[in-house]
Amino acid sequence: MTFLQFDKTQKQIKKAVKDFIKGEFKKEVINDLVETYSFPEDIWRKAGEIGLIGLNFPEEYSGQGMGTFESVLVAEALCRGDSSVGACLSQAGYGAGLILRYGSEAQKVDWLPMVAEGEALSSMAFTEPGIGSDLELSTTSAVKQGDQWVINGTKSFVMNGGPLSGFYIVLCRTDPDASSTAKAFSSILVEAGHEGIGVSDVGSRLGRRLMPLSDVTFKQVKVPLGNLIGKENKGLEQVKTCLNEIRILAAAQALGIAQGAFDRSLGHVKQREQFGRKLADFQVTRQKLAEMATKIEASRLLTYQAAWQFENNQRGDEKQSAMAKLHACRTAVEVCDESIQLLGGYGYMQEYEVERYFRDAKVAEIFDGTQIVQKNIIADELV
Amino acid sequence: MTFLQFDKTQKQIKKAVKDFIKGEFKKEVINDLVETYSFPEDIWRKAGEIGLIGLNFPEEYSGQGMGTFESVLVAEALCRGDSSVGACLSQAGYGAGLILRYGSEAQKVDWLPMVAEGEALSSMAFTEPGIGSDLELSTTSAVKQGDQWVINGTKSFVMNGGPLSGFYIVLCRTDPDASSTAKAFSSILVEAGHEGIGVSDVGSRLGRRLMPLSDVTFKQVKVPLGNLIGKENKGLEQVKTCLNEIRILAAAQALGIAQGAFDRSLGHVKQREQFGRKLADFQVTRQKLAEMATKIEASRLLTYQAAWQFENNQRGDEKQSAMAKLHACRTAVEVCDESIQLLGGYGYMQEYEVERYFRDAKVAEIFDGTQIVQKNIIADELV
Amino acid sequence: METTATPEFKQLHSNVRKLVKETLNPIFEKVEKEAKIPEHIADKFRRLGLFGMSIPRQYGGLGLSTIEEMSLIEEMTYTNACFRSRVGTNNSIGSMGIVFDGTNRQKEQYLPRIASGEWTTSFALTEPNAGSDASGIITTAELDGDHWVLNGNKIFITNADTARLFTTIAVTDEKKRARGGVTAFLVERGTPGFSIGPTDLKMGFKGSHTCELVFKDCRVPKENVIGGMEMVGQGFKTAMRVLDKGRLVAGACALGASQKIMDISIVHLKKNLASEKSRDALQAAQFVLADMATQIFAARQMLYHSARLKDEGKNITNEAAMVKVFLTETASRVADSAMDILGEEGCLTKNQVEILLRDVRLYRIYEGTSEIQRTIISRNLLKN
Amino acid sequence: METTATPEFKQLHSNVRKLVKETLNPIFEKVEKEAKIPEHIADKFRRLGLFGMSIPRQYGGLGLSTIEEMSLIEEMTYTNACFRSRVGTNNSIGSMGIVFDGTNRQKEQYLPRIASGEWTTSFALTEPNAGSDASGIITTAELDGDHWVLNGNKIFITNADTARLFTTIAVTDEKKRARGGVTAFLVERGTPGFSIGPTDLKMGFKGSHTCELVFKDCRVPKENVIGGMEMVGQGFKTAMRVLDKGRLVAGACALGASQKIMDISIVHLKKNLASEKSRDALQAAQFVLADMATQIFAARQMLYHSARLKDEGKNITNEAAMVKVFLTETASRVADSAMDILGEEGCLTKNQVEILLRDVRLYRIYEGTSEIQRTIISRNLLKN
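Chains as they are written, first to last, in this note's numbering: chain A, 1 to 383; chain B, 1 to 383; chain C, 1 to 384; chain D, 1 to 384.
Mixed in with the good hints there might be a few duds.
Below 20 Å or equal to it, Euclidean Cα-Cα: the simulated EDC-like pairs (lysine to aspartate or glutamate) are [unchecked claim]:
id	chain 1	residue 1	chain 2	residue 2
1	A	Lys-234	A	Asp-134
2	D	Lys-30	A	Glu-35
3	A	Lys-278	B	Glu-381
4	C	Lys-350	B	Asp-201
5	D	Lys-383	D	Asp-244
6	A	Lys-234	A	Glu-119
7	C	Lys-175	C	Glu-127
8	C	Lys-33	B	Glu-381
9	B	Lys-270	C	Glu-34
10	D	Lys-350	D	Glu-34
For the record, the hints were derived by calculation from the structure and aren't laboratory data.
Work the whole structure out from these sequences, hints included.
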């Protein structure tokens, strides 16, 4: 029996990310980004240069030929280093998942290197106003006209949209007469900059403030038929498989956020005094640290297990992915909340970062399916 | 990278325990035991015969030559089968841990086969009235007189004491002048039946009702000097190492209890109806099942990881063991509590077993160190 | 206790507190072990009028206000829960059907005997597939001349072993069910065709018994329909009103137990603080205690505020549901965390918390589970 | 609101509710975005007397009872938290030192200006290494002729950017500290040697500002010791009384926010229930709502019961600590679970819950963290 042993490559990756964070995650730089709500463009391009984006793309497409597990390690480490910048870098390549898995050779050649090298962000345009995780209620349509798809509709909460985006993968209703919603949708690649695309920022929000987040409208947007990803009317299944992986990566981000907040509060309580004693000397402080560390450890194991399952099964284990997302995000929210408390008044100040970790954690929990949604997924497998 | 794969032997063991439970854990038999507060003597002897006790003893002492990890798998499976009987069988050999690890060849030859074959129970006599987990406050003394130790004192919450017990491992103060408590204690093997030993049942209790649980007094009890386990005045360290392993086994029991309660409630909600629908069809029921399953999965991973660490380090990782105990026991209490709720009125009835699982879970959480104690241990490693 | 209480009530309250301290508490574990309330204790309850706390004075009860009744229940449950349970059905589910909807004749015939404690009563709603909903009830009643003929089984019926009178809910119109097809009957012990099963083996509440009831062509006179023949089909409403009343009671019981558990924990913690153990190592336990106290404080204010509203004539369906869910869950949380303070000693039955932990678990289940309460609460919040 | 309220207060209460609904709520997000309360809003507060709710009538305040004050605060926080915060220091930590312990001259000189809102006030206790304990205070005051000379730094001081008067706590006897060595001073803005740092960047409460204060050989006249020279060394007691008073206020603020969050969640859930989504898929969200409502109900009863006790002249140190810990933690729990109902939309600032979630987080930290409250509660329970 063996249990969770990292191989040499994985150790190297962990080291590389650590070095990258040390070199590039400068507090002044990040403070500036946070104050101006700006995407960490320079850091992103550098991450692309050294291969931290699209780690799981094959080498011929500028990737590292690795798997979900390694992507998890990188996402965890980046978000531990900084919850907001880490999220931007980890999610830069999410939208390419469908191309990687179902796309044509031409689509791969066109886009995967761009994403991996930090030349373009990838965007997923799945959900729509008011439907949350119920993607089968989507109404955006794509209709064939000659050799083109004509797309109309509005997608909401689209990440990575706007000037840096290379393309959108849009979930479109392509068979309005389908007998079941499972056969009604296709995913279609829409290059950014097409006429008819309207991108409007969703505005001020709780967390993930550095990442572009927009409502995107498609008005008579025309793309070649060849922009279909994989098979026609298989879109919902494709998207669901990708979301399964994304849940694991979201868990990894949450795990890193939790660990990063823990690092900061541990450092704080070892240094600060109250009533003439170090905070770390109070039993109640110690009990909190122990609870936090236990939750983080459990989240780590659930996340790694889900990643391992995803790599070793074709589609992964939906239950395990949802468990990882549920547990790691809850852990992140609770650990960050407790970190604010451990820092006291300082915890409420932006300078001490844990409040930002908390906000990013809470958004991570809500996006890609709330707790209720994750539990629904788990229960569907259990019962 | 690999993650938690069982080898062939482990799979065989899991199968063997499953068969054993199917054959020996008869509901009528267990009901009788529960009603009469009786130790499952027949089942225990049979478990000894097929090698489920002392699994981690070397083969020359009638063991299976396996490790902590396999003991964990067995404890989990047995407690899943029945929370009370499972606990009795899993703990039958706990007291032999000190002999196995520190005992002389003669002690091993004398006692390990007896324990492994289900001929004698092993008892640990560590804590004392009012001191809880603070073993360094023990006052039971052992004084050398000629070629004998003379032992005086009272030990409380001693498991496996009484007629079936082969021996007690007694933590005794052997150097009253020691500069530190770390050097003041020795562990001494006292054969059951020695003159001066008084065993009195602690009386009715919340859970673990089938297991003998007693206060044991030692009045001028005389044993040969050779009954010292390992080195003189190293008792506290020895005991702490063994408790580290016991925490992992306690976690495994709690894990099994949680899983057993989950099995029963899942079966119930799939069968029972309310408001004309299966309970399992209500979203709220499903959400609860998902939460329970997630906690169980996290506990399983923490427990397996701690076991794996214990096998691969000399002393194990105290933090990981405490995390496993903390998390698995809390999970067991919460899952069993929720199981009672899912069964409603039936859940409150003894016949449906989950109330007993709950009581056994709560005792598992309190014994071998409460939540507060486990968190103290974890924090000591963290800070 | 309210400062506005009458001198009469203050005296009663003080008598009950004295009884609990001097008579009931000393036999706390004995009741658990022997699994019954001694008859001389029931006699004391009778003399104090405690079987009829909520029954109108004109029928021999004490006619207490809701606040007064809750206040006494809180006192009575500051010990083994089964004492209060002995008088529980007569004050609540076993009598309220008659009080709310009974005919004058039924009131005159039964209430005095219930109030005096001469007769113990029970309430028979639950069936193997029916908790608080009417849809699963299988027990039927068919009219045959001057009698209704009952067939079916009821389970988990509190005080059934000693009760003389059973408010029994049965289906009289299979199609209408909750909408006019369910009827409440008064069934006396000894009615031919009505038998009572053995005492259930439960997790706790050992001194209070529940049993199965079996109706096999059991003939009940027409006049035993609660409220008379014009109330045929209205039994589900009666049952729901009866359960409504029980919610505050369950809360008060849970509150008394919570307070008892906390006070035992305080004694233990003080002992530890005075011992040679390090005070620093008890900070966590002290925080556990602070959280217990805070929840109990919240619980108490919810209960008495709701009782006051009820005495003012307000509809408190929603408040009562919130009281039940919060107070009964608080009791479980308090019992659970008391064990962190008490450690291994807390697991022993001689430490009363062990008994209370098992007892309070019932409150979250009976007379409408926590899930039913949450359904009621959210429905009220979301209605227009 | 209490049914026994005076007509005068009922009118005020109704005016405040109207103001919140018609004037404050429409600029909820504007206050967040522009990070300030517009002056014309402060003027409205002045006209209603809201800067002097808790200041005695003889000094131009409204002289409200505790219940009345809490009731108004609950109303005022049923919107962006910063509106209430604008008048907060004047009603609480910024003025209470004078009200409790000030000399007549200090009261006459300052309270009318505070009550009218002409002057805004602040309270300066917290330092980099000192929260609610005296042991870490480094700011010192030394007597030099007719003046005290202050040196040191204070942090996170609410309303410091606009305040004219600062109740400042400093060490006057290094050896005695909390036992007679800490003194409370009234320091006016503009006093030489006293400067105010830039506005802190915080998680929330954007429309309410905190700053650092720097005292560098700042000379304060002898008569500015709160209570006069005989109160030298008594400042820690004054500070603790001031914080005591703030606990119920923090609870009331948290309650107003909790109610607002719940009401927004109800609107959202009703919309979902009316949409094409399956009602079955919303059962979990409904249970989340039920738990919010139950906690808020508990919270409200705790607050007003404690306020009533205070108005009756009781010592409510323990109750106030329980109110603070329960109500402020309830607000965080309510905000956290509201997100389960609101989903992604809840993360947007235009949905006000996003703002409230960040704002209520402060209540568990300021004026005595939850941990300080738990220490107070358990100490009270365990003392003999």
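Inset, instruction - Compare the distance between the alpha carbons of A/Lys-234 and A/Glu-119 with 20 Å, and conclude whether the hinted pair is satisfied. - result: Roughly 29 Å separates the two Cα atoms, so the pair is violated.
Legend entry - Given pair status - B/Glu-381, C/Lys-33, alpha carbons within 20 Å: Violated: C/Lys-33 and B/Glu-381 sit about 45 Å apart, past 20 Å.
Inset, instruction - Quickly compare the C-alpha distance for D/Lys-383 and D/Asp-244 to 20 Å and report which way the hint goes. - result: holds, 19 Å
Inset, instruction - Starting from C/Lys-350, check that the Cα of B/Asp-201 is at most 20 Å away, please. - result: The hint holds at about 13 Å.
Inset, instruction - Verify the proposed pairing of D/Lys-30 with A/Glu-35, using a straight-line Cα cut of 20 Å. - result: holds, 18 Å
Legend entry - Restraint status (C-alpha distance of B/Lys-270 to C/Glu-34 at most 20 Å): Cα-Cα ~37 Å, so violated.
Inset, instruction - Could you grab the alpha-carbon distance between D/Lys-350 and D/Glu-34 and see if it respects the 20 Å cut-off? - result: Holds. D/Lys-350 to D/Glu-34 sits at ~14 Å (cutoff 20 Å).
Inset, instruction - Measure nothing beyond the straight line between the CA atoms of A/Lys-234 and A/Asp-134; if it is 20 Å or shorter, mark the hint as holding. - result: With Cα atoms ~16 Å apart, A/Lys-234 and A/Asp-134 stay inside 20 Å; holds.
Inset, instruction - Below or equal to 20 Å on CA atoms is what counts here, so check C/Lys-175 against C/Glu-127. - result: With a Cα-Cα distance of about 19 Å, the restraint between C/Lys-175 and C/Glu-127 holds, given a limit of 20 Å.
Inset, instruction - Starting from A/Lys-278, check that the Cα of B/Glu-381 is at most 20 Å away, please. - result: With Cα atoms ~17 Å apart, A/Lys-278 and B/Glu-381 stay inside 20 Å; holds.
Going down the numbered hints, you'll see the structure goes against 6, 8, 9, while the others check out.
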